[in-house]
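Participant: Sequence:
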Amino acid sequence: MPELPEVDAVARRLGEWAAGRTILEAHFSRPQTTRPLAPVKVSRQLKGRTVVGTARRAKNVLVTLDDGLTLRVHLGMTGNLYVGDAALRSAATRAWFPLDDGREMIFDDSRLFGRMQIFMPTELAEFSQQYGVEPLSDEFTSAWLAERMARSRKPAKVFLLDQAQVVGLGNIWAAEALFAARVHPFTPVNALATRQVRALHGAIREILGGAIDEAYRHYSMPGTTAESEGFGVAIYNREGLPCPRCRRAVERIAQAGRSSYFCPRCQKAA
DNA sequence: AACACGACCTGGTAGC
DNA sequence: TGCTACCAGGTCGTGT
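According to the numbering used here, the first sequence is numbered sequentially starting from 1.
Worth flagging that the hints you see were computed from the coordinates, not collected in a lab.
Don't take each hint at face value.
Here are the simulated DMTMM-like pairs of lysine to aspartate or glutamate, each with C-alpha atoms no more than 20 Å apart in a straight line [as the list claims (entries may be wrong)]:
1) 268 with 251
2) 47 with 85
3) 47 with 67
4) 47 with 100
5) 41 with 25
6) 41 with 16
Please take these sequences and the hints and turn them into a complete structure.
Facilitator: This is how it looks when you write it as structure tokens:
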């Protein structure tokens with residue numbers, strides 16, 4: 001489910017719902033969720049801890065605990081994390097943490113690609129280093145992007161999905177950014193013109209910024225999902241439908257094992 | 001080092 | 001109505 005906007009909304013709402021609450025128990029229904037550690041080890045570290053606050057790094061939700069440790073939650077493809085009544089638990093619930101106010105922190109993840117881990121401060125810093133720049137930070141400039149792109153021959157779509165470069169884009173928003181910037185998904189990034197790099201940089205910031213606001217506003221009820229994709233999606237999952245700019249039929253191609261959607265007229269190969 | 005590809009999973013839907 | 005095949009918003013590990 002989640003790209004950066006959805007993860008950001010989940011992290012912010014979780015902070016509103018859980019800050020100050022103490023975790024009484026931690027239950028896991030499947031061992032994959034806490035890999036490589038056994039669930040019982042993670043449970044032991046969570047039990048009795050109070051949630052200080054939440055944050056997001058790349059597509060991870062970070063839950064800061066009162067002993068200085070951090071719970072890292074990756075939502076994978078289908079994950080959701082919220083605080084609510086125990087009745088909200090379902091067949092997809094993989095973890096549930098009863099809190100001191102009678103509610104529970106609940107982690108649903110039908111497809112089991114999600115993950116929960118505990119980090120010490122040094123581990124958290126090391127973990128964070130594997131990721132690239134946050135797209136809405138001051139560090140992410142078009143000059144920075146141009147410099148990184150000059151050093152890679154990856155196709156533009158694949159480059160945008162690489163979390164070691166710019167974090168947060170997934171299959172939907174990468175396609176949307178390429179469409180907005182009129183860049184063909186196959187174009188090697190070191191072949192892009194300066195004007196195209198600038199267009200991509202602007203598109204990434206604008207698209208993610210708008211989607212973050214939309215996802216946060218939409219996601220106000222625990223147990224629902226943070227959605228932003230209905231908002232401003234021009235190209236993703238629209239194979240055969242008319243391009244919103246030129247009316248030419250949108251095409252779908254397989255790339256890096258995923259679907260890439262693009263307009264063959266607006267997005268010319270370099 | 002950089003890149004391609006299968007593996008990891010469940011569930012929903014389209015087509016026969 | 002099954003049943004099958006394919007698809008899904010993400011990483012990972014392993015091979016060249």
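Participant: With reference to the structure, classify each hint as holding or not holding.
Facilitator: Quick rundown of the hints versus the structure:
Between the alpha carbons of residue 268 and residue 251 the distance comes to roughly 13 Å, so the proposed pair stays at or under 20 Å and holds. For the hint linking residue 47 to residue 85, the alpha-carbon distance of about 19 Å falls within 20 Å, and the restraint holds. Between residue 47 and residue 67 the CA atoms are separated by roughly 11 Å; this keeps the pair inside 20 Å, and the hint holds. With a C-alpha separation of about 11 Å, the suggested pairing of residue 47 with residue 100 holds against the 20 Å cut-off.
Only pairs whose Cα atoms come within 20 Å are accepted, and residue 41 paired with residue 25 is accepted, the gap being roughly 12 Å. With a C-alpha separation of about 27 Å, the suggested pair residue 41 and residue 16 falls outside the 20 Å cut-off, and the hint is violated.
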